[in-house]
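**Student:** In order, the protein sequence lines correspond to chains A and B.
Those letters in the first sequence? Residues 19 to 282, by our numbering.
Those letters in the second sequence? Residues 2 to 256, by our numbering.
There may be inaccurate statements among the hints.
Cβ-Cβ distance ranges computed for the label pairs, FRET-style [to be verified]:
1. Ile-49(B) / Ala-183(A): 48 to 54 Å
2. Thr-217(B) / Val-259(A): 41 to 47 Å
3. Gly-73(B) / Ala-248(A): 23 to 29 Å
4. Ser-148(B) / Val-34(A): 23 to 29 Å
Covered stretches of chain A (in silico footprint by chain B; criterion: 3 or more residues with CB under 8 Å from a CB of chain B, positions within the stretch not fixed) [unchecked claim]:
5. 33-40
6. 207-219
7. 237-246
Rather than coming from a laboratory, the hints here were simulated on the basis of the structure.
Here the structure is a predicted model, which is why all the values come from computation and not from measurement.
All residues carry an ideal CB built from backbone N, CA and C; glycine is no exception.
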Amino acid sequence: MSLTTLVSHRAGTGTVLLLLATWEALSRFHIAPSQFFPPVTTIMAALWSLTVSLELVQEYVVTLWRAGAGFLLGAAAAIFLGALMGHYRSIFNLFEPLLEALRPIPTVALIPAAILLLGIESRMKIFIVAWACFFPVWVNTMESIRSVDSELLDTARTFKFTDPAIFVKFLLPCAAPGIFTGMRISLAFALMLSVVSEMVAGDTGVGHFLITAEDAFQIPQMYATVFSLAGVGYVLNWLFVTIERRAMPWHYGVPRSQGFHEVL
Amino acid sequence: MRDAMMASKIWGLALIIVLLVICEAASRCGIIAPNYVPPVSIVIQHAIALCLSGVLPVAFAHTLLRVLQGYGYAVIFGAGLGIMMGYFPLLSRAFTPPIELVRPLPTAALIPIFMLFLGLGDRMKIFIVAWGAFFPILLNTVYGARSIDPILIETAKTFRFGRRQTLVKFILPAASPQIIIGMRLSMPIALILGVTTELIAGENGIGFFILGAERTFHASDMYAGIAVLGLVGYALNWAFRRLERLVLPWHNPQR
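If we strip away everything but chain A, and leave its shape as in the complex, we get (with noise of 0.2 Å):
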């Protein structure tokens, strides 16, 4: 949506141009302090030397390990748990009480408690991950299942399927675009947390390279480091939204509702 809206709006892509043009004269003619503010084609300069001496790669590759690997258990474990407690009353009574309680804590203020029991290295930040992921996902489990046709499932019990098979073949299928689009919100959060709990703790990973940055003073790397994040973070999104698509070609074609997704 985003990448549309820019190219069809011309007036706008001009105001685009223009910020970065003013931006790049301001900072050659040294009106902004240079320092702080490089020139736009500094930056670019540096992302592209970053890239090409794979220095960013390499810590790309370890923070979207981390990120896949924890949105994968997180989501995972609340496609599950989401499932069940949708379809089962007595499952939700039991372990709803829990999760709302766990819910409202903001998940980097566990960084540290999670630092205190799994260390510093990945561990800790896959779980971290995993434990922003969880959230959202199950929500939106959890809601679209209860929300599928219960005639449906009447249908389905008269015909004899068993509870394992209603599940695979009636609950996920006709749950699967609220699922997808809890997994949607959770995919910008997994790369968010695994770059913050690098920034807090540890010595590898995109976010602790940008801390670095900024402490050695090295500004067009940090601010080409962003931008990267930005780039990386674009990307990600496209990609889900292409499996979601072949994922889910029955719904492919039905327009999406207004949505967190359209504001996160």
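Using the hints, position chain B against chain A.
**Tutor:** Relative to the frame of chain A, chain B by itself:
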């Protein structure tokens, strides 16, 4: 009805209590190391002591003052710009691309940049909170202001309402449910970013307290801080829902 609700909660509450008792016992018996997972009773004692001695209230005062300030800026600028962008198509066309350009930048990754400009102090933290909370409010406001029934605006024109009056009397009330939705989405983001800035560049506040307790191996204090932060997060959410019902009695949220 109420009894039925209570009955359905009992098993869930029982589960929480059982888990807490298991933690307590495991820690007391040394099955899990008490200096990593202290007994629950001790964490509760610490939480009460820290609240009474004023340590936690002061930490929360620092955090919440910054969060609310940043959130306030986000509401003012987000709703203000959003209404204008929803009403004037030209403004929307001019502002959408730069906004779409900066919106994908992950807010937490901007912390180092704004540390350069604004230092480690309150100004940087308030700015980061405001930045993160701004976008959901802006996007929802634009959406709300745009989805107004065109007949309403035509009617306003027919009755010769001026531009300002149309904005205040028609567009603002019509967009307000959506503004409130944006504000509710932004509230937890603001709190999270407030804590994040303190973890990365802390001088005071609850995030700084929790990390400090971990670094000095005061595990009980750390868990106490996290638990109270969870309560505060819950209370903020609850207060927001009450406020929502007070401000928008005609608007019924889903639940």
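**Student:** Does each hint hold? Answer for all of them.
**Tutor:** Evaluated hints:
no. : hint                                : in the structure
1   : Ile-49(B) / Ala-183(A): 48 to 54 Å  : holds, 52 Å
2   : Thr-217(B) / Val-259(A): 41 to 47 Å : holds, 45 Å
3   : Gly-73(B) / Ala-248(A): 23 to 29 Å  : holds, 26 Å
4   : Ser-148(B) / Val-34(A): 23 to 29 Å  : holds, 26 Å
5   : 33-40                               : holds (count 3)
6   : 207-219                             : holds (count 6)
7   : 237-246                             : holds (count 6)
Comparing the model with each numbered hint stated earlier shows that all of them hold.
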